[in-house]
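2 protein chains.
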Amino acid sequence: MKLTDLYLFLKSDIERIEEELEIAVQANHPVLQEASLHLLQAGGKRIRPVFVLLSAKFGNYDIERIKHIAVALELIHMASLVHDDVIDNADLRRGKKTIKAQWDNRVAMYTGDYIFAKAIERAAYFKNEDIHRVISNAMYEMCSGEIEQIRDQYNWHQNLKTYLRRIKRKTALLIAVSCQLGAISAGASLTDQTRLFYYGYNVGMSYQIIDDILDFTGSEKELGKPAGDDLLQGNITLPALYAMCHNTEDKNIISETLKKNKTEIDMVPLLNIVKQSGGIEYSKELSKKYLNKAFESLEGLSDISAKKSLRDIAKYIGSRSS
Amino acid sequence: MKLTDLYLFLKSDIERIEEELEIAVQANHPVLQEASLHLLQAGGKRIRPVFVLLSAKFGNYDIERIKHIAVALELIHMASLVHDDVIDNADLRRGKKTIKAQWDNRVAMYTGDYIFAKAIERAAYFKNEDIHRVISNAMYEMCSGEIEQIRDQYNWHQNLKTYLRRIKRKTALLIAVSCQLGAISAGASLTDQTRLFYYGYNVGMSYQIIDDILDFTGSEKELGKPAGDDLLQGNITLPALYAMCHNTEDKNIISETLKKNKTEIDMVPLLNIVKQSGGIEYSKELSKKYLNKAFESLEGLSDISAKKSLRDIAKYIGSRSS
Numbered sequence: 004m005k006l007t008d009l010y011l012f013l014k015s016d017i018e019r020i021e022e023e024l025e026i027a028v029q030a031n032h033p034v035l036q037e038a039s040l041h042l043l044q045a046g047g048k049r050i051r052p053v054f055v056l057l058s059a060k061f062g063n064y065d066i067e068r069i070k071h072i073a074v075a076l077e078l079i080h081m082a083s084l085v086h087d088d089v090i091d092n093a094d095l096r097r098g099k100k101t102i103k104a105q106w107d108n109r110v111a112m113y114t115g116d117y118i119f120a121k122a123i124e125r126a127a128y129f130k131n132e133d134i135h136r137v138i139s140n141a142m143y144e145m146c147s148g149e150i151e152q153i154r155d156q157y158n159w160h161q162n163l164k165t166y167l168r169r170i171k172r173k174t175a176l177l178i179a180v181s182c183q184l185g186a187i188s189a190g191a192s193l194t195d196q197t198r199l200f201y202y203g204y205n206v207g208m209s210y211q212i213i214d215d216i217l218d219f220t221g222s223e224k225e226l227g228k229p230a231g232d233d234l235l236q237g238n239i240t241l242p243a244l245y246a247m248c249h250n251t252e253d254k255n256i257i258s259e260t261l262k263k264n265k266t267e268i269d270m271v272p273l274l275n276i277v278k279q280s281g282g283i284e285y286s287k288e289l290s291k292k293y294l295n296k297a298f299e300s301l302e303g304l305s306d307i308s309a310k311k312s313l314r315d316i317a318k319y320i321g322s323r324s325s
Numbered sequence: 004m005k006l007t008d009l010y011l012f013l014k015s016d017i018e019r020i021e022e023e024l025e026i027a028v029q030a031n032h033p034v035l036q037e038a039s040l041h042l043l044q045a046g047g048k049r050i051r052p053v054f055v056l057l058s059a060k061f062g063n064y065d066i067e068r069i070k071h072i073a074v075a076l077e078l079i080h081m082a083s084l085v086h087d088d089v090i091d092n093a094d095l096r097r098g099k100k101t102i103k104a105q106w107d108n109r110v111a112m113y114t115g116d117y118i119f120a121k122a123i124e125r126a127a128y129f130k131n132e133d134i135h136r137v138i139s140n141a142m143y144e145m146c147s148g149e150i151e152q153i154r155d156q157y158n159w160h161q162n163l164k165t166y167l168r169r170i171k172r173k174t175a176l177l178i179a180v181s182c183q184l185g186a187i188s189a190g191a192s193l194t195d196q197t198r199l200f201y202y203g204y205n206v207g208m209s210y211q212i213i214d215d216i217l218d219f220t221g222s223e224k225e226l227g228k229p230a231g232d233d234l235l236q237g238n239i240t241l242p243a244l245y246a247m248c249h250n251t252e253d254k255n256i257i258s259e260t261l262k263k264n265k266t267e268i269d270m271v272p273l274l275n276i277v278k279q280s281g282g283i284e285y286s287k288e289l290s291k292k293y294l295n296k297a298f299e300s301l302e303g304l305s306d307i308s309a310k311k312s313l314r315d316i317a318k319y320i321g322s323r324s325s
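The listed protein sequences correspond, in order, to chains A and S.
To get the working numbering, take the position in the first sequence, counting from 1, and add 3.
To get the working numbering, take the position in the second sequence, counting from 1, and add 3.
If we strip away everything but chain A, and leave its shape as in the complex, we get:
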């Protein structure tokens, strides 16, 4: 089962968004052009546009109107990835070289700025004040999340609350907003807007927690980068956080190891510590809780095929970690 099988009826509209994205990142400058296309072709699931389109089905679905929202949100997402790779010092994403690795930090900075500007341009199409406020707030929260991630790197005094806030800002909010804005731009009822927002939020939280689990349990082939890379970069995600909170000795081993030069660090012992701590199981439980809340959020929505797709996507996300 592929993710795209879950919303086959959107196929032509998704292709439409893909074309719009290609037009949006066209730049009259060789390096910028190449970098933007590189990023676009590196792919990604375009899951934010999918959530926009599915949510718009609960109102008056007009692809000509909602495409701008879908494109704006995917561009914000893309821009944030490019800058995140600079912050995380990441050379690979989805098995492909990142822009900062293929070119340098400077090119990554201005490519991100450029794509961000294109997102703002799209957002300015709308006259609806709610849409502006929601997008502005999402952009603010995402930038803040980026900054929080820097602040929290190699910070051994984090807790569950700071972790959850970080992944909310980093991932869940933009998915929540994708659902909400799809609903708003199609004129869905306020109740349905709220339901879809919470669906997106919970799915996003669950998704990110699972991503953080996979960073410990996945193979290099599946991940497109070595396992444990988040921790190696000083990003303390839930499984590691759990391990460190429950055993002071483990905490010291992890924090001492990560003080070394990165090239000298053997991650295998650290991966084992995390796996044996129960942190993976704890994280799986928490991701399941969010997923259940996502299913609950859908309950009052009318029974159209988009609802089934949203449910299937949530199930699919849950199945990734098992």
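Straight line, CA to CA, 30 Å or less: simulated DSBU-like cross-link-like pairs of lysine-lysine: (1) 130/A with 130/S; (2) 14/S with 318/S; (3) 130/A with 171/S.
Calculated directly from the structure, the hints in this document are not laboratory data.
Add chain S to chain A, keeping to what the hints say.
Then chain S, alone, in the frame of chain A:
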């Protein structure tokens, strides 16, 4: 005569904005905190907030309301400077080390992102759809201007039109928008909003052209960096553009010289070529034309002290190049 003498009656309100700016850039992260404060203390004339406040005087002046606009615009300006310094590879600004020089490109990228996010946060305070659209558009145009600047570096086939569009996006638009948003947020008449927008646009164009002249005619002490630095970085401003368009031989000398390693380039012969070409005089004439248009734009406005200040500021800007 100091610039600040021209709007003494705003003194306490400007101090208010300064405090708000300090609060806005406070970050819970040592490097970010230090970099933001470094940037804030490097100063600048806060001319955008001044334009916001003066323009708001043509409506119902309420500092508690317009301060958000003033802070947002100054933050957008600051963020763009930080990223511009990465793009221009600039080590000094106003005689002080830039963030990318004091730290590195990565810190400059995320400091800029952070300040930009703070600007977006402020902008989101407003419920007025016009304000959102104007700010979004200004952010888009500024980012595009940044990208255009990269594209046009070492591009010897520019013309007056591309130069004017670039400085519009880089400088004039944000000043125009500062005036316009001051007027909008104070509920000034649509006619006055338009007058103030054009005043700001023309003052901004004039200001940037004079800045570009001073880069050739100023001393290292006045500029805080060596003369001819724009050209050395491959940024072809109006005086150089004029010289290159009017003498093919000069054009070849300039373009060949700039192909060399930067540390080996002697700028003195190039500065002489530009000065002897008549490019400085041509640029002065054009800046004067914009300044006159700025004065004209003020004509229909009611005769309050803010009008006198706006006129005096324009005169002051004009006097910088003589």
